[in-house]
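Chains as they are written, first to last, in the numbering used here: chain V, 38 to 347; chain Z, 90 to 436; chain S, 99 to 451.
Some hints could be false.
Said to hold, decoys possible - Simulated restraints, written as ranges between beta carbons of each label pair:
no.	chain 1	residue 1	chain 2	residue 2	range
1	V	Ser226	Z	Ser320	14 to 22 Å
2	V	Pro54	S	His408	52 to 60 Å
3	Z	Arg316	V	Phe91	52 to 60 Å
4	S	Ala315	V	Pro54	53 to 61 Å
5	V	Pro178	Z	Ile343	37 to 45 Å
6	Z	Phe143	V	Tyr335	21 to 29 Å
Note that these hints are calculated values from the structure, not bench results. Backbone N, C-alpha and C fix where the C-beta goes; we use that ideal spot for every residue, glycine too.
Okay, here's what each chain looks like letter by letter:
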Amino acid sequence: MAQTDTLLRYRPWRGVPQGPWQAAVALARVSLKLLIRRRLMWGLFALALLVFFFFFYAQYLVVWIENQLATDTIRFAGVPVNAKNLTRFLDRLSLNGTEHTFGNFIWYQGYVLVIVLALAGSVLIGNDFFHGSLPFYLSKPIGRWHYLLGKSLAVGVLINLLTTVPAMVLWVQAGLLYDWQTYYFNNLSLLLGIIGYGLVLTVTLSVLVMATAVWLRRTVPLAMVWMGLFALLPMLAGWLVDATKDERWRLIDLWNNLYLCGLSCLQTDHATIRPAPQPDFGLAWIAVGLVVVVCLAYLRRRIQAVEIVA
Amino acid sequence: MTSEVADTVCAPTPAERPSVLRAFAVLVVQSFQRHWRVRQMGWVSLGLLALIVFWVSVVTERNGWNLAERRVRRNTGTYQQEAVRLLPPQRYAAATGDEEFVTPPRPYEIPNPFNPTEEAFRSLMLSIPYAVLQSEQFLYTWSFMTYSRWVIHLVFLGFALPLFTLSYASAAFGTDRESRSLIWIMTRPIPRSGIYLAKFLGTLPWCLLFAMGGFVAIGWAGGPPGREALSHYWPAALTATVAFASLFHLVGAIFRRPVVVGLVYVFFFEAVVAALPGSLKLLSLTFYVRSLMYNEAAEAGYPVELLPAMTEAVSSTTAWSVLVLVMVGINLLGMWLFSRLEYRDDG
Amino acid sequence: MNVEQRTPGVPVGGFPGRWEPRAVVAPPREGPAPLSSEPPLLLFEQVSKWYGPVLALNQITLELTGGITGLVGANGAGKSTLLRMANGQIQPTMGRVTIRGVDAWDWRARRLVGYCPDVDAFYEDLSGRRFVWTMARLCGYTRREATRRTQAVLERVGMATRADRKLRGYSKGMRQRIKLAQALLHDPELLILDEPLSGIDPIGRQELLELFQSLAAQGKCLLISSHELEALEKLTNHVVIMARGRIAAVGTLPQIRDLLDDYPLSVRIDVAQPRQVARLLLHLPEVLAVDVSPPLPHETSETLVVKATHPQRFYQQFGHLVVEHGLNIRRFEPLDESAHAILGYLLGGSGKT
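Produce the entire structure from the sequences given, and follow the hints as far as they go.
Structure follows, in structure tokens:
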């Protein structure tokens with residue numbers, strides 16, 4: 038036995054731990070892998086891609102039609118069609134590489150994003166609480182805020198994959214459809230605006246996902262609350278604005294507030310925003326800020342609670 | 090630990106043999122109680138319902154269903170204000186600059202006293218809106234159709250009904266699968282098809298409570314048009330609730346994340362397909378429910394063309410037949426599928 | 099022994115390759131033999147199960163008629179799949195599983211089976227008593243009967259006085275007992291217990307082992323999967339050893355050990371004249387080697403470690419030798435006849451599962 042002791046003994050790991058911040062990145066990586074393993078997630082990505090490709094090809098189509106306007110009519114399946122009639126519908130989406138193109142694109146992506154985030158919330162955070170895997174994470178040398186940061190990073194990557202990154206691709210595409218040097222030079226602020234819009238979405242929605250998932254944990258109530266926030270409140274907001282003649286009712290619609298914040302990043306003229314009337318940009322920023330503060334305060338309270346490790 | 094009681098009690102007495110029908114009935118009750126115990130869902134449902142009722146109440150309180158109180162366009166007044174503005178005294182006052190209006194008068198609104206015939210005809214035409222807005226019957230009809238369109242078709246059929254039925258019906262199996270406790274039911278001596286049916290019957294009261302309860306609540310909050318909508322549309326709403334509950338119960342039995350699948354179905358398939366022209370809309374459950382409501386409103390003499398995308402409504406007989414067939418068919422399909430599916434959530 | 103390997107041999111292609119199970123035989127039955135007209139309690143006939151590309155069970159043929167049978171094997175060997183199939187939770191891809199002649203997938207078969215799964219999920223908001231009572235009601239009993247049975251099984255598993263607390267506050271051992279209680283509710287002929295001893299303290303474990311023995315004494319058939327080999331050895335020496343989806347061996351531990359030709363039996367013998375005895379032993383045809391070890395620190399004399407093939411024959415010959423030469427044997431201890439050692443040989447590892 039003594040010989041064996043000298044020959045075979047525990048050799049401790051001699052590396053240097055990289056600290057809790059690196060752990061948060063690792064946590065985000067693992068969380069993303071957890072999500073992309075699910076076929077359902079790929080189905081939702083496919084839906085998001087549909088919206089992206091619609092904008093992508095429609096933007097090309099608009100330019101092509103405009104180039105054909107010299108002849109006033111386009112032969113569509115052999116039938117001459119007035120070009121203006123074709124572009125009237127597309128004009129509403131502003132598929133011309135302006136700030137509204139990117140704002141509208143992110144607005145429409147919201148329909149898929151909301152469902153993706155409801156799924157991500159229940160899978161990434163709700164499951165940890167519900168199936169007791171939270172102590173597994175917290176037994177590592179990381180704090181609870183690092184855990185939340187890791188999960189937020191994963192949610193943030195999802196948000197940007199669905200909104201900011203494809204919007205940036207649309208910006209690049211728009212430059213290639215026009216005179217690219219002029220477009221890129223003159224519209225660099227739009228690129229920064231897209232990034233700003235993405236940042237606002239990332240911060241607000243990740244914090245909101247965390248807070249609602251920590252609060253509700255189960256998928257069904259989580260989805261109900263998200264649908265309430267992103268489907269019901271917009272409906273109600275529109276009617277309340279009409280009924281009360283007060284556009285500030287639109288502030289109850291968080292997605293609209295995020296849209297306004299995004300458009301303010303894109304330096305959009307407030308008068309051109311649809312649906313009208315809209316509250317001021319400042320009010321939208323305050324509303325979004327309040328949501329973030331409330332969610333952070335709630336998370337802080339929950340994190341200090343004993344149940345988080347129960 | 091091993092007591093004498095233990096040795097004797099476990100032997101069944103002949104008079105009290107287990108009954109599969111009793112087990113089925115107990116499972117129905119147990120499924121109902123499982124939802125009751127997940128209080129969180131109940132609170133969230135009540136919260137959402139309260140929000141809708143609050144909104145309907147606010148609009149009703151401000152006479153928002155009434156055309157006279159609706160806003161014409163952005164930065165303009167209500168239809169009533171607009172109608173008054175088009176009357177001769179207001180047009181003349183605006184032309185002389187005695188009164189300030191938000192929007193400048195349109196060319197055809199500017200009075201032309203030098204051509205009395207034309208001016209008389211113009212005044213007559215521009216007074217028609219005011220005259221129309223004085224008709225109680227017209228205003229009520231318009232209120233009813235506005236209420237039907239926005240509250241019943243958009244909010245109830247487009248949001249509340251699918252969400253509540255999705256939440257409760259898919260949770261019948263979804264909650265058990267999520268918490269990995271389905272094994273306890275699956276090890277009981279009950280036929281699998283019976284388990285499926287019992288779960289459905291246990292969850293149906295919750296779907297009815299929130300969907301139909303919500304329907305009644307928003308009907309009462311909607312004032313006279315709401316109450317009339319209640320009396321006309323309740324059979325369609327009831328059928329829709331059972332049909333959606335059947336569908337989402339099936340989704341819950343098949344998919345591991347039924348809510349996400351259901352949301353995609355409701356907010357992409359139903360929302361888009363039901364509004365499409367052509368035959369594709371025949372695949373949408375909402376289309377048949379809307380057809381029923383459309384026919385009800387048409388029979389009551391209302392201008393149904395105000396309802397959204399319902400130019401090709403099927404007859405009530407067809408709609409009833411399809412919905413009933415769907416309900417029965419989906420449940421039979423679910424029972425058949427469930428008796429063949431393996432659940433390995435515990436592993 | 100109440101377990102039979104019904105096919106003459108199990109293929110050994112994917113197996114650690116040192117043991118040929120062809121020699122596994124059905125041991126003699128204990129107790130009254132079942133009526134020939136009555137179908138076996140649990141019967142697997144050429145059962146295979148695929149999970150996508152993974153073969154979880156490979157042509158299993160097995161028959162259980164009574165007593166306690168241990169099911170052992172490494173993680174992923176197919177134990178849980180086999181148990182779930184026996185309980186009708188999953189269907190075989192090929193072959194057939196029947197309980198007293200009824201297909202295990204059929205709901206009627208579940209009246210004959212009590213299943214204690216390894217999953218640790220309950221209706222956490224219920225008390226233990228309420229949970230067991232609900233399970234009894236779901237078996238189809240009246241309220242009165244369900245209450246009576248609930249009380250009985252709770253007493254039987256030692257939870258009667260602690261069953262009124264919410265399940266979410268239970269220790270792991272208490273949860274195991276509640277799981278066991280619900281499996282006993284309908285007085286099943288066959289009890290399938292997946293890791294029933296997991297998380298139970300030593301005293302509780304002993305109590306449960308006694309309970310299992312008393313159930314077997316009542317004529318119940320128990321199929322117990324466990325990683326607790328020592329505990330399983332105390333309970334039964336009839337085991338089914340699984341490896342890579344196949345049944346590697348069926349029988350009592352000594353019988354299985356007897357078949358392991360490639361692994362000579364090691365026996366430690368403490369005797370007064372070790373070197374003389376070693377010479378005698380080397381004349382036995384079954385003895386391959388004898389090692390004279392130096393005395394252990396607290397012992398005075400040397401010790402013999404004998405390596406022999408065919409353990410049963412060796413034991414007989416050694417007995418004759420002892421009588422013939424009047425040997426004074428102080429200690430005789432087989433070193434590798436435990437379930438651990440046998441499993442280690444069969445599975446090519448340490449025997450740990």
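How the hints compare with the structure:
1. Distance hint check: the CB atoms of serine 226 (chain V) and serine 320 (chain Z) are about 57 Å apart, inconsistent with the given range 14 to 22 Å.
2. Take proline 54 (chain V) and histidine 408 (chain S): their Cβ atoms lie about 56 Å apart, and the range 52 to 60 Å holds.
3. Against the hinted window of 52 to 60 Å, the Cβ-Cβ separation of arginine 316 (chain Z) and phenylalanine 91 (chain V) comes to about 43 Å, which falls outside the hint.
4. The given range of 53 to 61 Å is respected by alanine 315 (chain S) and proline 54 (chain V), whose C-beta atoms sit roughly 57 Å from each other.
5. About 42 Å separates the C-beta atoms of proline 178 (chain V) and isoleucine 343 (chain Z), a value consistent with the hinted range of 37 to 45 Å.
6. Here the CB-CB span from phenylalanine 143 (chain Z) to tyrosine 335 (chain V) is close to 23 Å, well matched to the stated 21 to 29 Å.
Of the numbered hints listed earlier, those contradicted by the structure are 1 and 3.
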